[in-house]
Amino acid sequence: MDWTYIQGILMLAGINLISVLGLSLLTGFTGLFSFGHAGFMAIGAYIGALMTVSPSTTPAGLGLPFFVGIIAGGAAAGIVSYFIGRITLSLKGDYFCIATLGFGEATRLLLNNVQIFGGSRGWPGVPYKSTLPVIVLVDVVAVLFLANLIKSRHGRNMIAVREEELAAQVSGIDVFKYKMTALIISAVYAGVAGVFFGHYMTFIQPKMFSMTKSTELTIIVIFGGLGSISGSVLGAVLLTALPEILRAFEIWRLVFYGAAVILIMISRPKGLMGGMELTPSGIRKAQLERKARLEARAEARRLNGLEDGSADEGRGA
Amino acid sequence: MAAILEISNLTKRFGGLAAVNDVSFSVPEGAIVGLIGPNGAGKTTIFNLITGVYSVTSGDVKFQGQSIVGLPPFKIADRGITRTFQNIRLFKNLTVFENVLTACHMSAQYNLAETILRLPRFRKEEKLLYEKAENLLSIMGLTERRDLVANNLPYGMQRRLEIVRALALDPKLLLLDEPAAGMNPDETEHLMNLIGQIRKDFKLSVLVIEHHMDLIMGVCEHIVVLNFGLKLAEGRPEDVANNPKVVEAYLGATEEA
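Those protein sequences? They're chains Y and S, same order as listed. Residues in the first sequence are numbered from 1 upward in steps of one, following this note's numbering. Residues in the second sequence are numbered from 318 upward in steps of one, following this note's numbering.
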């Protein structure tokens with residue numbers, strides 16, 4: 001195993017992590033399941049490529065610097081998500097999920113037929129720009145922004161929407177606005193991930209952004225634990241690396257991949273982190289919660305004991 | 318006394334059924350008003366109409382002199398009406414403190430950009446929100462349970478936490494939907510005192526739905542009786558209790574001797 005190979009896996013994990021973090025906000029914190037985020041990645045990848053591809057290889061290319069591609073890709077995904085949100089966010093539960101699935105597939109099929117981007121044959125000649133340090137830097141920034149958001153009134157309002165929508169509404173929370181905010185931020189993250197993905201593969205094809213990709217992202221979020229940023233980070237790294245580690249099993253590797261995911265979900269139904277955070281304050285909070293739970297239980301037992309005791313006395317007399 | 322809430326000719330139809338039919342009453346500023354009636358009389362429907370959860374078929378709801386019909390629930394909460402639910406609706410997986418802290422959100426103004434960059438206004442206002450939540454918990458005697466997940470709270474405390482969460486929005490009118498449901502007489506009396514205390518400390522008006530007659534008679538200055546969506550009677554507790562129509566609705570008609 002040489003460094004180039006390991007570096008490749010780390011870069012893929014880092015790219016996956018960007019979109020997983022966005023999806024974590026939408027699914028883990030706001031409670032909306034999406035099976036169409038590969039669609040936002042596709043939009044990011046194609047718009048990003050459009051900015052950076054040199055006009056000499058593809059006439060449509062603009063030959064602009066990479067950072068313009070990142071911004072344009074993220075922004076394009078965000079803008080599209082706004083319109084998708086306008087028409088789908090009033091749908092409840094499963095219906096929203098199905099609508100996102102439709103969006104993801106529609107995006108892929110649409111790109112299959114756009115000939116200037118190469119249609120279903122794909123688009124070669126995307127410059128190789130994604131490097132490990134840049135990806136790690138973006139990951140760090142993405143985690144920090146998300147962590148700050150979650151620990152604010154905006155983040156708490158999103159969590160309230162997940163927990164109990166009606167109670168959130170009568171507590172003065174504009175449920176639609178917060179669902180929209182979460183959707184747009186998650187789409188921007190997915191779009192940026194798409195740009196990095198395109199500039200890592202140097203070749204993009206609609207097939208790469210199929211429903212399988214969307215499902216993979218959702219699996220990572222659930223595997224890591226809904227409502228946990230640390231869980232998303234762990235999940236993205238582990239589940240991206242796992243198929244590579246399992247290469248020794250050759251044709252059986254996807255079977256082992258599935259089995260491993262199932263085993264972990266059975267032993268930890270709330271995901272790896274189960275809503276906990278691996279930070280000093282997160283651990284302290286978990287400890288306080290545990291202590292409060294134990295105290296409450298001890299008190300309940302004491303009260304029950306007293307009642308039993310008095311009942312016994314009554315019987316004795 | 319000026320009325321903080323005026324309900325006039327309020328009607329809600331579900332298909333052919335008039336769940337609330339031409340009901341009018343008002344809540345004077347600073348008063349505790351009871352809303353009573355047999356099951357299915359339309360009490361909770363009235364709460365849902367006031368808070369914008371249901372759309373009004375006809376009639377008007379005026380809060381502080383302005384019509385609030387057609388406003389979405391979060392805007393009505395913003396105007397100053399908050400409520401609790403008959404079947405408790407807490408943020409179940411959050412701790413007691415987080416439940417209250419979440420509801421304090423309207424006391425802060427910082428925006429998204431200030432949030433993700435942790436700018437000074439974010440930190441300053443966030444600190445105030447924490448103080449406010451702690452303060453509310455200590456006034457309402459929940460400080461000891463602050464780190465307990467709401468779902469693990471004893472039933473009576475869950476009801477109390479729901480009231481604290483409603484108070485965190487600094488309401489001017491508090492709607493309580495059967496706050497004493499499932500409580501023993503001891504807890505009910507405790508709650509009764511609490512409601513009186515809240516009204517005084519937070520300077521607000523209260524509209525309460527309740528079945529416990531002790532509580533209603535003990536704490537309310539004015540009572541509205543509903544039956545089959547219609548207003549049956551209204552007045553001071555002792556008058557309502559002796560009103561033959563009310564007795565009939567609750568206990569059935571007496572046979573002529």
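Hint data in this document are derived by calculation from the structure and do not stem from the laboratory. Accuracy of the hints is not assured; some may be wrong.
With a cut-off of at most 30 Å between alpha-carbon atoms, the simulated DSSO-like pairs for lysine-lysine come out as follows [stated by the list, open to error]:
#1 285(Y) x 449(S)
#2 444(S) x 548(S)
#3 441(S) x 129(Y)
#4 548(S) x 151(Y)
#5 285(Y) x 444(S)
#6 489(S) x 177(Y)
#7 548(S) x 441(S)
#8 151(Y) x 444(S)
#9 129(Y) x 562(S)
#10 379(S) x 441(S)
#11 548(S) x 177(Y)
#12 449(S) x 92(Y)
#13 291(Y) x 409(S)
#14 379(S) x 151(Y)
Comparing the hints with the structure gives:
no.: 1; hint: 285(Y) x 449(S); in the structure: 19 Å, holds
no.: 2; hint: 444(S) x 548(S); in the structure: 47 Å, violated
no.: 3; hint: 441(S) x 129(Y); in the structure: 41 Å, violated
no.: 4; hint: 548(S) x 151(Y); in the structure: 47 Å, violated
no.: 5; hint: 285(Y) x 444(S); in the structure: 18 Å, holds
no.: 6; hint: 489(S) x 177(Y); in the structure: 25 Å, holds
no.: 7; hint: 548(S) x 441(S); in the structure: 49 Å, violated
no.: 8; hint: 151(Y) x 444(S); in the structure: 12 Å, holds
no.: 9; hint: 129(Y) x 562(S); in the structure: 82 Å, violated
no.: 10; hint: 379(S) x 441(S); in the structure: 36 Å, violated
no.: 11; hint: 548(S) x 177(Y); in the structure: 38 Å, violated
no.: 12; hint: 449(S) x 92(Y); in the structure: 34 Å, violated
no.: 13; hint: 291(Y) x 409(S); in the structure: 18 Å, holds
no.: 14; hint: 379(S) x 151(Y); in the structure: 37 Å, violated
Of the numbered hints given earlier, the model fails hints 2, 3, 4, 7, 9, 10, 11, 12, 14; all others are met.
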